[in-house]
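Protein chains in written order, with the numbering used here: chain Z, 1 to 174; chain U, 1 to 174.
Think of the hints as simulated: they come from the structure by calculation, not from any bench.
Keep in mind that the hints are not guaranteed to be accurate.
Since the list gives no way to pick out one identical chain from another, each pair is judged satisfied if it fits inside one copy or across any two copies.
Claimed, not checked - With a cut-off of at most 25 Å between alpha-carbon atoms, the simulated SDA-like pairs for lysine to any residue come out as follows:
#, residue 1, residue 2
1, 87, 38
2, 66, 77
3, 115, 137
4, 87, 39
5, 68, 38
None of these values were measured; they are calculated from a predicted model.
Number of protein chains: 2
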Amino acid sequence: MIKGLLSVLVVLVAVTSVLGKPEKTPTTNKPEKKEKRIPQTLSRGWGDQLIWAQTYEEALFWSRSKNKPLLVIFHLDDCPHSQALKKAFAEDKEIQQLADEDFILLNLVYETTDKHLSPDGQYVPRIIFVDPSMTVRADITGRYANRMYAYEPSDIKLLLSNMQRAKKFLKTEL
Amino acid sequence: MIKGLLSVLVVLVAVTSVLGKPEKTPTTNKPEKKEKRIPQTLSRGWGDQLIWAQTYEEALFWSRSKNKPLLVIFHLDDCPHSQALKKAFAEDKEIQQLADEDFILLNLVYETTDKHLSPDGQYVPRIIFVDPSMTVRADITGRYANRMYAYEPSDIKLLLSNMQRAKKFLKTEL
Chain Z
1 MIKGLLSVLV VLVAVTSVLG KPEKTPTTNK PEKKEKRIPQ TLSRGWGDQL
51 IWAQTYEEAL FWSRSKNKPL LVIFHLDDCP HSQALKKAFA EDKEIQQLAD
101 EDFILLNLVY ETTDKHLSPD GQYVPRIIFV DPSMTVRADI TGRYANRMYA
151 YEPSDIKLLL SNMQRAKKFL KTEL
Chain U
1 MIKGLLSVLV VLVAVTSVLG KPEKTPTTNK PEKKEKRIPQ TLSRGWGDQL
51 IWAQTYEEAL FWSRSKNKPL LVIFHLDDCP HSQALKKAFA EDKEIQQLAD
101 EDFILLNLVY ETTDKHLSPD GQYVPRIIFV DPSMTVRADI TGRYANRMYA
151 YEPSDIKLLL SNMQRAKKFL KTEL
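Extracted from the complex, chain Z is given alone in its bound form (with noise of 0.2 Å):
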């Protein structure tokens, strides 16, 4: 019995963890040399009319200097849910409207060394809300037990809420 459990559980985590890998080798996030390349953006295309910090340093400092909600995006280029919620974070108006006027805004490819933004591990796509105090805001989370800073294309309103919570929350405790 506890065998069959363990192996059910084993299932799970293997699958789990294909749904959040990438699917190629680290080294396809480098273009290859001597083909004309497009300039790679700030954005990587979550909204391309949005002022995206470059660094963690930096975001952290607009969030305290303009005292806005930071958001960090963790993703990778070649995982197809990051893909996919990329796709809807960008069409969805309201969200770009609110993280435009809002928040400070930070995509990342690679972990940082911060292990506050990874408060139940490293994997995307991972949203996390950051207050101007510099606080994690561990509350504010998706909908899967598992993986709590996830969030699917079809969860974009549920993300929406999660940010209007982030700017709410941060005005009720000044």
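Given the structure of chain Z, go ahead and fit chain U onto it with the hints provided.
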């Protein structure tokens, strides 16, 4: 006599501080809202055809895994010295080719938390080399004693020579 020397020193420090300072407040790094924005690039004009890492963590990862030295450029969009060096860097074909083939590249408009990247202070423009062993090459300097990692556009061939040194040193060490 000592007082006189001190005065000269103070004036020198004041002059060099002004030289490297951005002309506007940091908030001008962020364009005003609502105008049609040009998507920000990772190259920021230092070589649109080169592949740039986004963060220091990412750059270190690539440096180690590809066994290539890392070249980190600290600069500011509204610093005329940074802009002049950028032009010289982007237009020098030898530099661009060497950078493309043998270096991991990172340009930052914001300081990292790693104090090793500012051996003699935080100023712009400043170019620091890091070995794939993650050792900052504090020995590879420009020609200014008061700002050892600064380069002027006229120093572009010294920078090229330093890049060759960073590359050569690595090979003879391994």
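Each hint tested on the structure:
1. In this assembly of identical chains, residue 87 and residue 38 lie within 25 Å of each other by CA distance both inside one copy and across copies; the values are 19 Å within and 20 Å between.
2. For the identical chains of this complex, residue 66 and residue 77 are inter-copy neighbours only, at 20 Å across copies versus 30 Å inside a copy, given an alpha-carbon limit of 25 Å.
3. When the C-alpha separation of residue 115 and residue 137 is checked against a cutoff of 25 Å, the pair qualifies only within one copy, where the shortest distance is 13 Å, while the shortest distance between copies is 28 Å.
4. Proximity of residue 87 to residue 39 under the C-alpha cut-off of 25 Å is found in both arrangements, the shortest distances being 20 Å within a copy and 17 Å between copies.
5. Proximity of residue 68 and residue 38 under a CA criterion of 25 Å is satisfied inter-copy only: 23 Å between copies versus 32 Å inside one chain copy.
When the structure is compared with the earlier hints, no violation turns up for any of them.
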